[in-house]
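Heads up: the protein sequence lines correspond to chains S and R, in order. So my numbering is basically just the index in the first sequence, starting at one, shifted up by 4. So my numbering is basically just the index in the second sequence, starting at one, shifted up by 32.
Since the hints were made in silico from the structure, they are not lab data. Hints may be right or wrong, so weigh each one.
List of simulated lysine to any residue pairs, SDA-like, C-alpha gap at most 20 Å [stated by the list, open to error]:
1) S/LYS56 / S/PHE67
2) S/LYS218 / R/LEU158
3) S/LYS56 / R/VAL157
4) S/LYS56 / R/LYS164
5) R/LYS164 / S/LEU45
6) R/LYS164 / S/PHE67
From a predicted model like this one, the values you see are computed outputs, not experimental measurements.
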Amino acid sequence: MAAARPIGDAPEPSRRAVLAVRAGVAAACLVVWEAISQSGLFFGDVVPSTMKILASFWKLATFDGFWTHLAVTAGEVVASVAIGSVAGVICGIAIGAEPFLRRAYEPILHYLSPTPRIILFPVMIMWFGIGPESKVALGALSAFFPAALSTSAGMLLIDQALIRVGRSFRATRWQMATKIYLPAMRAPVLNGVRLGFGLAIIGVLLAETKLSNKGLGFLVMQFYSRFDMPTLYALLIVLFAMAGIFNALIGAMARERR
Amino acid sequence: MADRGGLPRLLAQRWFAPTFGLATIVAVFAVVEALLRADLLNRYILPFPSDVVLALGRVVTEENILSRMGDTAFEVLASGVLVVLVGVPAGALFHRFPVIRAALETWVAALAAAPVVLAFPLFLVLFGRGQKTIIVISFVYGVAPVLLKTLEGLSATRPVLINVGRSLNMTSSQMFWKILFPSAIPSIFTGIRLSWTFCLVTVVAVEFLVNLGGLGQLINDLAERYDLPGTYAGITFVILLSVAFFIVLERVENWLQPAP
């Protein structure tokens, strides 16, 4: 936000104008949505009216098993972020601490990191079965790469004086990692975990939509196959909101007390 | 003494570290092969790496790979072009009208972080089960980075360049086309690289999930046939292909960066 002023050195827009634009855009979206919904361009309920979607939130909250499905998915995401991040941070420190290893392995991680993860799901099913384990494995793989890359990049930013202090105290590797490296790069590590968290949610839920018998991804496919569109919209809105909230929370953790 | 001098010199060679990294991967495969032959790993879930290498040839020749690559490439390109056609002008609009930027930049950033691909059943219903759906999802996923990076690049134009434009009494359209836009191109391309990466990943993922066209479906097919070496070979092939795509994008991006 602190970027250069636009041409003409226009004054900062007033708060009221900003709010007006936001309200206008939101209202326009709702109106267009309602119009499409009423127009009959799409089959009934493909674009349900906003009132119907609002009503579906209640239906969703009281839906038999919704909270169980939510708990299953939450458990899978937490487990996969924990496994993937810990493995990622350990690899990141190992690679980042040794220039030779960094040059050897960082490019591999860098290029493998954005490749589509979900296509590994058939392999995960073979290894871990069709239960939650295969979803956790896929989520952990998704969370691993950002944590590893961000940690190994963070190692470069550590003040060399801190590292020399640790060495002069003859800190062991474990002590170096826990007392010097990790506290000194809290922000990049947490940022890597945050990115990994977002990818793990996607990995776990996509895997659930492909093959599962519980979890919110399973529920998405249930509503889809029953053509219960209003509830599907409600569920997706809930999912997006949850992903956004957690993303913001971890981001705030990374920013404070750095 | 010669040995002690040799190793550090070898380690310092530019090519040695990356080769060592790749050699580790080969070594891991060799170990897996040995463990499988010794029956220490389960042959029913892990194929012999040597079989996977052989299957790679079979997958390439027998699975209509060219038409599949064509399908996937078409979807990636179509959504990629759309992303640029919408994202760059929208970014310029955000830059031109600070009030729009102040109001909506955080919303666009939120869209960039949202797990849009999870909504694929919705898109299937809205747009039918075809290429159009895949292109739309991929577009929604990819548009935010181009918009944000265009905005960032335009805003970061050096004041001295803007002052040159002013002293030449340029009109605002001249200012945009001759000063702002050219200076933003490197940043715009960074956005394009990010977006196209998203697009490729999304396209392959949706193809895999809904079993439709292209390379994603290839893996689904092979896995459902329980063709073990074939599945692994298909996955390897798609990963190698996407890595090649990322490397090309990165090269172009670096080539467009201004000389330091």
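Here is how each hint holds up against the structure:
1. Restraint check for S/LYS56 and S/PHE67: satisfied, since their Cα atoms lie roughly 16 Å apart, inside the 20 Å limit.
2. Between S/LYS218 and R/LEU158 the alpha-carbon distance is near 25 Å, which puts this suggested pair outside the 20 Å criterion.
3. A threshold of 20 Å between alpha carbons decides the hint, and for S/LYS56 with R/VAL157 the separation of about 17 Å falls inside it, so the pair holds.
4. With a CA separation close to 27 Å, the supplied pair S/LYS56 and R/LYS164 exceeds the 20 Å bound.
5. As the CA atoms of R/LYS164 and S/LEU45 are separated by approximately 17 Å, the hinted pair is consistent with the 20 Å bound.
6. Between the alpha carbons of R/LYS164 and S/PHE67 the distance comes to roughly 33 Å, so the proposed pair goes past 20 Å and is violated.
Going through the hint list in order, the structure does not satisfy hints 2, 4 and 6.
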